[in-house]
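Trainee: So the sequences go chain by chain: A and B. If you read the first sequence in numbering that gives the first Met the number 0, its first letter stands for residue 0, the second for the next number, and so on. If you read the second sequence in numbering that gives the first Met the number 0, its first letter stands for residue 0, the second for the next number, and so on.
Since the hints were derived computationally from the structure, they do not count as laboratory data. Errors might be hidden in some of the hints.
[As the list claims (entries may be wrong)] Heads up, simulated SDA-like pairs for lysine to any residue below, C-alpha to C-alpha not over 25 Å straight-line:
id, chain 1, residue 1, chain 2, residue 2
1, B, LYS134, B, ILE48
2, B, LYS49, A, ASP589
3, B, LYS134, B, PHE147
4, A, LYS108, A, LEU153
5, A, LYS554, A, VAL564
6, B, LYS134, A, GLN583
7, B, LYS134, A, VAL564
8, A, LYS533, A, HIS489
9, A, LYS101, A, PHE168
10, A, LYS511, B, PHE18
11, A, LYS345, A, VAL564
12, B, LYS134, A, PHE168
13, A, LYS511, B, LYS49
14, B, LYS80, A, THR596
15, A, LYS511, B, VAL110
[As the list claims (entries may be wrong)] Over the 10 Å line for every Cβ pair with chain A, so calculated as not near, a few chain B residues:
id, residue
16, GLY19
17, GLU36
18, PHE40
19, VAL71
20, GLN97
21, PRO102
22, SER104
23, GLU109
24, GLY116
25, ASN124
26, LEU130
27, LEU132
28, LYS134
29, VAL142
30, PRO149
31, THR170
Since we're looking at a predicted model, the values are computed, not measured. Glycine is no exception: its CB is placed at the ideal position from the N, C-alpha and C atoms.
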Amino acid sequence: MHTQPPTPCSALDGILQHHGHRPTELLQILINAQQLEGWLPAPTLTYLAQALRLPRARVEGVAGFYSFLYTRPAGRFRVLFSDNITDRMLGNAELMDALCRKLWIEPGKLSEDGLVSIDATSCTGLCDQGPAMLVNGRAIGQLNHRRINEIAELIRQQRPLAQWPSEYFHIDDNIRRRDALLNLDMKPGAALASAIARGRAGWLAEMQASNLRGRGGAGFATAVKWSSARNAPGEPKVIVCNADEGEPGTFKDRVLLNTYADLVFEGMTLAAWAVGASEGFLYLRGEYSHLLPQLEAVLARRRAEGLLGMRILHEQGFDFDIRIHLGAGAYVCGEESALIESLEGKRGTPRIRPPFPVTCGYLGRPTVVNNVETLAKTCLIALQGGEAFAATGTAQSAGTKLLSISGDCAAPGIYEYPFGVSIARVLEDCGASDTQAVQVGGASGICLAGYEFQRRIAYEDVPTAGAFMIFDGTRDLFEVARSFVHFFAHESCGFCTPCRVGTALLKGFMDKLADGHGAQADLADIDWLDRLLKNASHCGLGSAAPNPVIDTLQKFRPAYERRLVSLDFEPAFDLDAALAEARQLTARDDPGAHLQTHEEGTP
Amino acid sequence: MSAPARKLRVATTSLAGCFGCHMSFLDIDEHLFELVELIEFDRSPLTDIKEVGPCDIGLIEGGVCNAENVHVLRAFRRNCKTLIALGACAVNGGLPAQRNHLPLSECLREVYQFRPGIANGQIPNDPELPLPLDKVRPIHEVVRIDYFLPGCPPSGPAIWKFLTDLIAGRTPRLTGGLLHYD
């Protein structure tokens with residue numbers, strides 16, 4: 000049914016040429032190759048495997064891993080609705096349903112004419128301006144019925160994306176509160192000049208004095224990471240900026256890259272100066288590919304200004320440049336060792352640590368992986384000194400933190416606070432009322448109930464990568480947890496059994512409860528699964544996967560218990576309905592042809 | 000082994016199974032003499048008791064393929080303090096569950112109507128016969144199960160180890176060669 004002419008090899012040759020025939024560029028090559036036909040036909044994979052001298056299975060393994068790469072036809076228009084809980088709260092299901100009906104297709108299936116497919120995807124980082132979607136990788140926010148009607152018409156007319164109204168693709172920063180970082184108006188190169196003046200050792204000492212900790216959530220001391228990489232043997236050293244902002248509810252890195260890209264790239268260059276690195280990567284999540292042209296432009300300008308390339312700011316021996324590497328829809332690549340695997344053109348499977356990336360990272364070389372916000376913050380330290388930075392925030396959490404606020408509040412968006420701000424203060428500032436719970440740190444973070452709103456955002460109390468999702472009294476926290484459980488089951492990389500099977504089983508139990516088949520025994524099994532996932536998983540994805548369930552079972556247990564139909568055990572399916580087909584085939588309706596779904600007399 | 004004060008009462012049955020697990024149970028050979036010192040049998044192919052009564056331990060072989068299986072399994076659950084899924088079919092549905100990817104109607108029509116040599120065949124509808132479920136289910140999907148003993152079948156030594164653990168009050172734990180799924 001989909002007999003298409005084979006991809007012209009000349010086009011593939013051009014892509015291979017552009018990427019220097021390097022197997023480490025496999026993911027980038029596949030992303031580019033997919034743009035030719037909207038999917039990756041088998042002959043294309045074979046051709047690329049031969050050209051790169053890679054096993055065919057390796058190429059197919061990579062193509063099959065990333066959810067934005069298609070090994071089957073997916074249509075000329077590939078529509079993916081963002082399916083974070085915040086999108087759901089804004090009514091994405093109804094909009095997706097409406098678009099499917101207008102285009103006469105079922106979710107997840109290609110239309111018969113091969114024109115369009117519609118499906119759901121994990122959070123696309125537009126939680127403050129949802130519901131959101133991606134069309135052929137391009138982000139569109141603020142969906143409503145009117146916009147959906149227009150999009151249906153554009154697709155029916157087969158209008159190329161370039162001719163769609165440009166306001167669809169407009170994405171707001173929504174910066175609501177500025178502090179040290181967002182108020183910084185720095186001339187590109189100023190921080191770098193200051194750090195170079197201090198010398199490499201002096202700059203590293205300044206970083207040590209700052210007590211800067213990683214903003215990706217784990218909070219590892221940045222200076223320790225840098226000096227470990229600096230002291231590790233192996234050349235050339237590598238700086239990676241982790242912009243694979245996949246944690247549901249987080250979108251601060253998108254804003255930093257959109258409006259403060261110079262700070263981010265300057266931060267990477269500052270890291271290179273401290274570490275002695277010469278190669279840099281920005282790992283940009285596929286959902287943010289709309290930022291790619293402007294980021295490339297910033298890089299080109301910085302090269303022209305002597306802030307990247309050979310002899311940066313005329314400093315002998317300071318050579319450093321940055322390449323942008325696109326992701327393709329895999330949450331697990333936010334984990335630093337999975338990210339490095341992906342950078343090397345492989346499936347994003349987390350590595351066994353140790354060795355840590357600082358000694359053995361990209362291609363076995365010493366590699367620093369820092370969050371976007373962490374790197375931007377280093378500009379502040381270079382300009383104002385480490386001690387000034389350390390003087391803000393709390394004892395163990397120096398500086399400020401960007402929060403990505405979404406959900407039930409009047410003004411969702413980006414808020415920058417000094418560390419130590421209370422949950423209650425944040426809720427007041429963003430205009431939240433009747434708040435029932437706040438999910439801090441995304442799906443893998445912590446769910447805070449009303450009695451905890453005096454707690455503070457800081458590594459010593461509530462650590463976070465920045466997500467702050469608000470749920471008011473009308474929301475059902477069981478459904479919130481269930482959506483996160485579905486997210487983890489979808490994003491599990493499949494490498495280790497506890498996570499691959501455990502997240503699927505947990506999803507099964509949550510669905511069983513949602514379908515009205517829950518029993519007390521299921522809560523005990525959920526507890527057991529939570530412990531198994533926490534203790535036996537290979538990486539942080541699996542061990543964080545039960546967090547939403549653990550928290551809500553503890554703090555919102557009635558939301559689970561009210562769904563139970565029995566205190567003992569219930570099947571997940573209707574036993575009498577399971578006999579229906581046999582009844583029909585035999586034309587029987589006697590008492591023996593029926594089963595009671597709830598057994599009488601069981602305790 | 001520290002024997003309990005009284006003999007434990009044990010029931011066994013096979014639902015959608017092949018009695019292979021029961022045959023494997025007999026493979027404990029001379030341990031059977033030790034076993035009958037510690038337990039007495041309730042409903043089991045060994046006693047020919049038809050209805051299960053109050054028991055300490057129930058061993059279920061086979062998955063759940065029809066309405067009668069459901070009744071028997073529920074009766075075991077009501078009567079047994081500890082209920083054990085014995086063997087691959089009880090644990091996962093096993094061989095009989097291979098029909099799960101086919102519609103039940105196709106299975107029955109193929110056997111009773113379309114098989115070569117059958118004329119005017121019809122699907123049996125005698126009320127004496129239990130109706131098949133649309134899918135074969137592992138027993139833990141129908142009632143709560145306390146322990147799982149995998150294997151097709153679990154070996155005699157595995158069953159012996161499992162039962163003696165249970166009788167002595169140790170949480171049964173199979174390791175090494177005793178634990179296998181095929």
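Trainee: Identify every previously stated hint that the structure contradicts and give their numbers, smallest first.
Mentor: 1, 10, 11, 12, 13, 15, 21, 22, 25, 26, 27, 28, 29
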